Structures are given as structure tokens and as C-alpha cells.
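What follows is the residue order along each chain.
There are 2 protein chains.
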Amino acid sequence: MQTTRLLLDTGSGGKASHRLIKDLFVKHFSNDVLDKMDDAALINVTGPLAMSTDTFTVTPLFFPGGDIGSLAVNGTVNDVAMLGARPLYLSCAFILEEGLEMSDLERIVQSTAQAAAKAGVKIVTGDTKVVPRGAVDKMFINTTGIGEIMVQPCPQGHRAAPGDAILVSGTMGDHGLTILATREGLSFEAPIQSDCAGLGHLIAKLLQAIPEIHVLRDPTRGGLATTLNEIAGQSGVQCLIREDAVPVNPVVSAGCSFLGLDPLYLANEGKLICILPARYAEQALSIMREDEFGRNAAHIGDITDEHPGRVVLRTPLGGHRLLDMLEGEQLPRIC
Amino acid sequence: MQTTRLLLDTGSGGKASHRLIKDLFVKHFSNDVLDKMDDAALINVTGPLAMSTDTFTVTPLFFPGGDIGSLAVNGTVNDVAMLGARPLYLSCAFILEEGLEMSDLERIVQSTAQAAAKAGVKIVTGDTKVVPRGAVDKMFINTTGIGEIMVQPCPQGHRAAPGDAILVSGTMGDHGLTILATREGLSFEAPIQSDCAGLGHLIAKLLQAIPEIHVLRDPTRGGLATTLNEIAGQSGVQCLIREDAVPVNPVVSAGCSFLGLDPLYLANEGKLICILPARYAEQALSIMREDEFGRNAAHIGDITDEHPGRVVLRTPLGGHRLLDMLEGEQLPRIC
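For the record, the sequence lines run as chains P and E. All residue numbers in the first sequence are consecutive under the UniProt record's numbering, ending with 335. All residue numbers in the second sequence are consecutive under the UniProt record's numbering, ending with 335.
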């Protein structure tokens, strides 16, 4: 890198663009497909496929447990994997603000490459736009992923059925509270960090053992409560959740009490909801708990046929509370 | 739409997001895959595939001949098609600024849907982020496309060979000059408009008749000169171009003279470069000229083995000029 800040003409499509692409993106993302440097990538897959896209606008760019680059890989890898697919290929499109620190960009490109390697996906095609100062806040990244479906019928949001168990792979709310705390300069009695992680390998293990899984979904924006409402609506069932069974990191719980936030509505970026016939619940929990990203997996509730479309929380005192979808905006730009 | 401007909580992932997605995006983009509303789309394809991504940051959002929505569809459809693929599926990710006029957003979503229908592609998965005022300039769109490869070996940038003819499908520079003129409020003696168009159908016709095509590439950012330099570099050949054979709309030519711009470096968004064995040149030109997007197709030069990696322009007076890659930035945010 010859300059310490990104120049506007680096986005022209001309010589400066080609240097940036070669010296930075291809250097870190290098693989047999990307290195061909055509406008489109030639990939070999056999259908059916899962395809998913997400743009990441998180602020700040760096946070405990990750950065916008690792988040952009893991977020899309997870969305692809939730359809029961093995994530294989990613596109990666950067929108960069003129004047961005080149050292920040290089750190993020490295972390993007590391997250892709860990998730076992290749970044096969990309795009770089540099826009004038003020036209974007530092950096946004879009990733789009495709993967091969591993089981048919594949897990989908409309397949939850009465008699199914609802599992989560770990504690709720870590990512959302970490972003808020980092942004506002808050500190708690113990450090917290984002759960940002790719779940493709864990999902492959689950589906290999239990192809009958009905729904897999990652509770990102809007948190567990909003995601369960989506599933309840798509499947026309009720989700009945036991409040004291939902795993929440004690520091997140204390932080949420202090700030008036509900961990059930905070985003997660390395957790999954798994809905499957109750007879497989213990087996699925064992598989999750053996995985580095499923240590705190728990059976948090069940699918019933009362009140289709609703999510109900049973409190430790035996009360029932309707868990609605998130209405307003708890916190913008968490992903 | 209940409000005339976009609210921040529309990007929360909660109720307001779901309403926007249902009332706007799904309404206009509706198809059997998207309507499932899972985080990933389930698609049936048979490999090998072409995959390409592009983020569109064009300003202004509306311009003669198109808008950011039609541009986002056509730009990615073209990149996929240039690898000899039939574009089939698109993801579409919107980044929206709080306060955006809802009527502008709806116009753009409609135009996106129309461009997709015309190109014969389905928008199967999407993402919407709403960021606080000032974090993005109005609206950016990322599209990622996949398509099935129609011929093998497929056209790629490294396949240009001595003896090949270099064709273009029409006039050069219309898009770039239109964006500049719109932005700066310039008017010329006759109206000009962007050439923004999807070339998938034209490419399918070309490849069906002439599977031996070596290279297809769309001269977008950096224009014809920069794109030919890429190909010359990838293939290790020289591109020898006859200046008086390159079709340029007379109004674009006059506007460029006036502004000190070179149409060979201006972006196009509905044109292609086709490089193929010279014996097929006339056949390819006939096919192009019968298509609505190829009326002004021309044979502009040839591939030779002198000076590998170079693009040389032969002027009408017999002189030779080296056409280098674009060095700086002629005009930011043209796509």
C-alpha cells in the first residue's frame, strides 16, 4: 500500500482499482476460481442450491469478538446453512468511503479471508466501489452465498409442527449487547463479546445425524422473539417458550436489566434455533454441546397447535406472556 | 405506504421491516421461490454456473434511459451472461437512508422488477438495511446473479487469440456521458440517454449460433479502452483497434470534445465486446444487428501477437496510439 488512506480513483475501474484488487483482495482471498479475474466466476455445483444475500453496515467496524469482515462471512454462511445446505461459494462486495484508513481495510480483508477459510467457503467473485467522502459511513460489505442442499425436504420456516421441540445452540443477546456497549463506551463487571461465528460445520453434523430436522434459523436482527414469530407465522403454529430455559450469559442479563433491554430481542450472530420432532431433541443437544459453537445448547420450549402464529413465554412463576415481534428499532446498524 | 418518508425502524428486522418487505418488495418481485420468505432461497439449477456481484452507487438515482434499479439488474445480468451463461436468479440487497422518499423507493422497486422480467431472471432472495441519515447517500443496491453455462469451454478473458476479430454491439460512452450531463445539468444539441439494457437474450442467440466465441465482456467502468487492456493482459495478446470503426453517437462525440473526455474511457451499461475467430465476424454482426440492443454493432479491430498486453489505436491518418488503462477517476459513481 503506497498511501495510508484510500483515494477516490481507486474505485474507477482503471489502473488504481486493478492495483488495489491485486495487492489486497486477490492476495488475501486467492483461490483457483477468483484468480481467473473474469467479471463472473465459473463454479461447479450440483443443484438444488440455497442462495442468500446480506449487506453489513455494522458500526463500529471492529468490536470484541469480530469485525465487519468476519461478520459478513459468517452472517451469510449461516443463512445459507440454515436451509440445510453446505455453504461453498461467496461473493464479496465492498463499498468504501474515500479517505478510509488503508490499515483498517487490510485488517478487515484479512479477517474476512480467515472467516471464509474457517467456514470452508471460497470467495469467488467480488466488487469494489469507492465513493466520495460522506456518501457512505466508512465501509459496508455485501456477501451473497450459495451452498448445496444436503437433505430433502430441507429445513424451512414453514415445517414446524405440533410435537416438535425448540432448541437453541447457546446464549442469547451477546452480539447485540456487545455492539451497543462498544458504541457507547459502556463496560460491565465482566467482559462480553460478540458470538459471531460460522455454523456450517455444526449444521452439517446435525443434519447427517438427524435429517428429519424441520426448521433451522439464526436469530439475528430482532433476536429470538422476532425469529420465533416469523416461524410461528410461516408454519401456523404456536411457539411455547419456558423463560427460565433460555440461556443468557449472566453479564448480558445484568447489562440488559441496567439498560432496559430484553435479551430475547437482541441480535445473535453465531447461534441457531433448531426445531425438530421431540424424540430427537436429546441427540441434537448432545451434538451441539460437543461443538465449539454449541456448548450452551438448550431445549427452550415446544411447538403446539393452540393460537397459531403466536409466541408465548411461560414465566418461572407460571404466568404467560405474549412475545410479539420487535416493533420499533432497539439499535440500528448491529449487522 | 403510510408515511411519505422512510423511517429508521423499517430496518430493524421487526414488524416495520416485515411490512415494508411484504407491501413493497414481495409485492413487486413476487415469484414461487421468493414468496417462501426463508432467509435463503431454494433454487434448482444444474452446474456449471456463472456467479457475479456488483454494488450500484450511481448518482443521481434517476437518469435518462434508466435508474439505479434497472441498472442494478442489467449490470449483473450482463456480467453473468458474459461468461456464456443464461442468467436465471438474482439476489437484491437494498441499503436505504433514513428519510428517503417512499415514492422514489417504490418507483425504483418497480423498475427493478420490470428489468428483471425483461431479462427473464427471478429475484429470489433479498436484504433491506435502513441506516441513519448521513450514513449512506440515499440508496445503494447490490445484486448478485447466477446463471447456467450454455457452452463449454465458455467465453473467458484469457481466450482471445491472434486472428480473432474484435466486435462491439453498439455505440460507446452513452451511459457515462448521460450520468455526467444529468448530474451537472448539461444539455447538448440533441438528447442523450443511457444505454442501460440486459444483454442475456442477445448473448444466448450469439452462442447458439457460434459456440466458438472466445471472449464476451461488457465495457463498463473505465470504458472500452480499460476493458480491452484487461483482455489483452489476460490473454497475452495485442488488441489493434481502428479508431474510425468504433461507433460513437455524434452527440456523445460532440459532448466529449466539449468536455475534454474520451468516449473510449466512458462507461457503457448495455454494450458488449465480442472476440471470436474472424471467420465468424460477419455472422455475429448480423445476429447483433437484428437485436434491439445491437443495431449499431461494428467490427472495430483485431487480435494480433505483436506487443502482448497492449491495446493500440490506429488513427484515420495511419498513426498509432497506445490506449492505456484509465489512470485516475474520470467520474465517480456512474454505476
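The hints are simulated quantities; they were obtained by calculation from the structure and are not laboratory data. All figures in this text were calculated on a predicted structure; none of them were measured in a lab. Check each hint, because a few of them may be wrong.
One copy or two, either will do: identical chains are not told apart, so a pair holds if it fits within one copy or between any two.
[As the list claims (entries may be wrong)] List of simulated lysine-lysine pairs, DSS-like, C-alpha gap at most 30 Å: (1) K15 - K205; (2) K122 - K36; (3) K36 - K205; (4) K15 - K138; (5) K22 - K205; (6) K15 - K36; (7) K118 - K15; (8) K205 - K138.
Query raised in the report: If you check each hint against the structure, which ones fail?
Result: Violated: hints 1, 5, 7 and 8.
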